[in-house]
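Same order as they appear, the protein sequences are chains X and F. Start counting the first sequence at 7; every next residue gets the next number (this note's numbering). Start counting the second sequence at 7; every next residue gets the next number (this note's numbering).
Calculated from the structure, these hints are not laboratory results. Treat each hint with caution, since some may be false.
Calculated Cβ distances over 10 angstroms to all of chain F for the following chain X residues [what the hints assert, rightly or not]:
(1) 31
(2) 37
(3) 47
(4) 56
(5) 70
(6) 118
(7) 120
(8) 185
(9) 218
(10) 240
(11) 243
(12) 263
(13) 272
Result set (SDA-like, lysine to any residue): computed pairs, CA atoms no more than 25 angstroms apart in a straight line [to be verified]:
(14) 250(X) with 212(F)
(15) 97(F) with 161(F)
(16) 250(F) with 285(X)
(17) 273(F) with 34(X)
(18) 97(F) with 143(F)
(19) 273(F) with 85(X)
(20) 250(F) with 262(X)
(21) 250(F) with 280(X)
(22) 97(X) with 185(X)
(23) 273(X) with 82(F)
(24) 250(F) with 116(X)
(25) 97(F) with 62(F)
(26) 273(F) with 263(X)
For glycine and all other residues, C-beta sits at the position ideal for the given N, C-alpha and C.
Protein chains: 2
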Amino acid sequence: MSVLYNRVALIGLGLIAGSMAHAMRRAGLAGEIVGTARSAETRAIAAEIDLCDRITDTMAEAVAGADLVVLAVPVGAMAAVAAEIAPHLAKGATVTDVGSVKQAVVDAVGPHLPAHVHFVPGHPLAGTEYSGPHSGFAELFENRYVLLTPQPDTDTTATARLRALWEGCGALVEEMEPERHDLVLAVTSHAPHLIAYTMVGVADDLRRVTDQEVIKYSATGFRDFTRIAASDPTMWRDVFLSNKEATLEILGRFTEELFALQRAIRKGDGDHLHAYFTRTRAIRRGIIEAGQDTDAPNFGRTVTKKEDKS
Amino acid sequence: MSVLYNRVALIGLGLIAGSMAHAMRRAGLAGEIVGTARSAETRAIAAEIDLCDRITDTMAEAVAGADLVVLAVPVGAMAAVAAEIAPHLAKGATVTDVGSVKQAVVDAVGPHLPAHVHFVPGHPLAGTEYSGPHSGFAELFENRYVLLTPQPDTDTTATARLRALWEGCGALVEEMEPERHDLVLAVTSHAPHLIAYTMVGVADDLRRVTDQEVIKYSATGFRDFTRIAASDPTMWRDVFLSNKEATLEILGRFTEELFALQRAIRKGDGDHLHAYFTRTRAIRRGIIEAGQDTDAPNFGRTVTKKEDKS
């Protein structure tokens, strides 16, 4: 693989940026990787574990001379970061992000950027429940989708180069309208996360009554919810606040369906339940066939990752 | 490990019974393992893969001379099975089950059994989304809890022997009142399953609109729900119908909490969301500390299992 960018600036050094650093290094995609983060502690840890070639104290220093700038901060912080880096961006540089919501990022970041840079928003559909500079690993993006949401007038060469970078990290890249992205992700990720958070919260209330039983006997079902509900609180707060409409719409549908199933339970309508559960089972097969999971018991998560210290 | 039962009869040959057969053989816990199932196809497959020492066409033949009888059928089928085997049970035999609900099984099975057998209901908290005679594997119960719900007047020697069998299969065994079992499981398993089924059903409706996008981009969040929602439809129909009250109570709490979070999203109350998500994250740590999951990326599911053909 050849060098695609001479200098990549990572703004924010969490799970995604850290994994990008590992993946870009492994494939030799970047001449130099420069990183920065708001927290001095994060910068110190990143320097200590040699996450990037260079760690800078300020965002201005990080983006100076970079031909790719990656905004890897919570969605709610994007506007302020864009405003701060804008005067320091090199002519012809590409600016991208890794936020889980796209229309809100387009609205927050776009207006701050100078005309002489290319803005190609992006979202890697990959993650774990860990966060912080220790949590990244090179294999995170392998066989995972990255959705890019360029505007119609975005320079196609800039988009193609960013696509090549993600493909070099092992990802499958597709382009999509920001609004459609936000609807699809509301279904596949945002609503499921809120539901998992809710269920774990309910169990936590009850746990006080049942003396650790809930934790102890979590093996089937609940345990998977806790993993989802262990994801980074700041990131997810911002996701829900910035993809409000689509998330609330899906949750509305969810509640309707849940009430229908609750009613079937109350009425003892076993046929309704059985038909519903048979239908959902088929969807699982579709996901396995689409290559986004395996039927192996480790769920395809055979990657080696660093231990989380955050 | 020494032989604990001279003849074990498995009634039903799905994931749990199949895994018991593998685990009992591995540890040499049973003199002979006899199996039967309602479906001729299931019996034929079990015979072909040599799942048991002997496969019988009828339940009467299977239980004849057995000192342990395991009812491994859906909860809704327990009463009919108990009625059918009752006249053929050996004196002093232990009858147990592996149903996910306990009070309903006590009520359905107990009245049919003769006074000369010991009834010790049980529930292994272990499973996968697979079912059928091919799906079992010896490691399924390792480090997983098995909850036994004997009545106060149950022979303690019979309970102790069944405990030893499960421990020989690698499980951690605890005793519990049936009613408490059903409440704890409503929280840790039954409500989460219904919620996962619901979310997957919602996505399926939407999938028709978005042309496979939901399946394609399922990597974060939704994928874990589909695994849960791929579980056996008949088993789960019976679970909800037979643990109706506890499940509906937990779902009621869940809906309240979900509405509170939806309201926080609508109002833009980021502090509420952040505090909630921070609290749920801590619960995950409790589960890892309790040894019921690991923080390794394969989630501790390193077992080798046979491929599902069902």
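Evaluation of the provided hints:
1. With a minimum CB-CB distance of about 20 angstroms to chain F, residue 31(X) clears the 10 angstroms threshold, and the non-interface call stands.
2. With 10 angstroms as the threshold on Cβ separation, the claim that residue 37(X) sits away from chain F holds: the shortest Cβ distance comes to roughly 30 angstroms.
3. Residue-level check passed: residue 47(X) sits 18 angstroms from the nearest beta carbon of chain F, beyond 10 angstroms.
4. Every CB of chain F is more than 10 angstroms from the CB of residue 56(X) (nearest about 22 angstroms), matching its label as outside the interface.
5. For residue 70(X), the condition that its CB be more than 10 angstroms from all CB atoms of chain F holds, with the nearest at approximately 32 angstroms.
6. Once the 10 angstroms rule is applied to beta carbons, residue 118(X) is consistent with being away from chain F; the minimum gap is 22 angstroms.
7. In this structure residue 120(X) is separated from chain F by more than 10 angstroms, as the shortest Cβ-Cβ distance comes to about 30 angstroms.
8. Distance check on residue 185(X): its Cβ is at least 12 angstroms (rounded) from any Cβ of chain F, clearing the 10 angstroms threshold; non-interface status holds.
9. The Cβ of residue 218(X) sits about 8 angstroms from the closest Cβ of chain F, inside the 10 angstroms cut-off, so the non-interface label is violated.
10. Against the 10 angstroms criterion, residue 240(X) falls within the reach of chain F, whose nearest CB is about 7 angstroms from its own CB.
11. A Cβ of chain F approaches the Cβ of residue 243(X) within 10 angstroms, the least distance being about 4 angstroms, so the stated non-interface status is violated.
12. Once the 10 angstroms rule is applied to beta carbons, residue 263(X) is inconsistent with being away from chain F; the minimum gap is 5 angstroms.
13. Not every CB of chain F lies more than 10 angstroms from the CB of residue 272(X), the least distance being 6 angstroms, so the non-interface label is violated.
14. Pair hint residue 250(X) plus residue 212(F) holds up; C-alpha atoms about 18 angstroms apart against a cutoff of 25 angstroms.
15. Of the pairs offered as hints, the one joining residue 97(F) and residue 161(F) holds, with about 14 angstroms between alpha carbons and a cut-off of 25 angstroms not exceeded.
16. With a C-alpha separation of about 22 angstroms, the suggested pair residue 250(F) and residue 285(X) falls inside the 25 angstroms cut-off, and the hint holds.
17. Annotation: proposed proximity of residue 273(F) to residue 34(X) is violated, straight-line Cα distance about 46 angstroms (limit 25 angstroms).
18. Between the alpha carbons of residue 97(F) and residue 143(F) the distance comes to roughly 31 angstroms, so the proposed pair goes past 25 angstroms and is violated.
19. Distance check on the hinted pair: residue 273(F) and residue 85(X) sit about 21 angstroms apart at the alpha-carbon level, within 25 angstroms; holds.
20. At most 25 angstroms may separate the alpha-carbon atoms for a hinted pair to count; residue 250(F) and residue 262(X) meet this at roughly 19 angstroms.
21. The suggested pairing of residue 250(F) with residue 280(X) holds, with an alpha-carbon distance near 15 angstroms, which does not exceed 25 angstroms.
22. This hinted pair does not check out: residue 97(X) and residue 185(X) have alpha carbons roughly 29 angstroms apart, beyond 25 angstroms.
23. The straight-line distance between the Cα atoms of residue 273(X) and residue 82(F) is roughly 16 angstroms, inside the 25 angstroms bound, and the hint therefore holds.
24. The suggested pairing of residue 250(F) with residue 116(X) is violated, with an alpha-carbon distance near 52 angstroms, which exceeds 25 angstroms.
25. Between residue 97(F) and residue 62(F) the CA atoms are separated by roughly 21 angstroms; this keeps the pair inside 25 angstroms, and the hint holds.
26. Under the criterion of a C-alpha separation no larger than 25 angstroms, the hint pairing residue 273(F) with residue 263(X) is consistent with the structure, at around 24 angstroms.
Taken one by one, the earlier hints fail for this structure at numbers 9, 10, 11, 12, 13, 17, 18, 22, 24, listed in ascending order.
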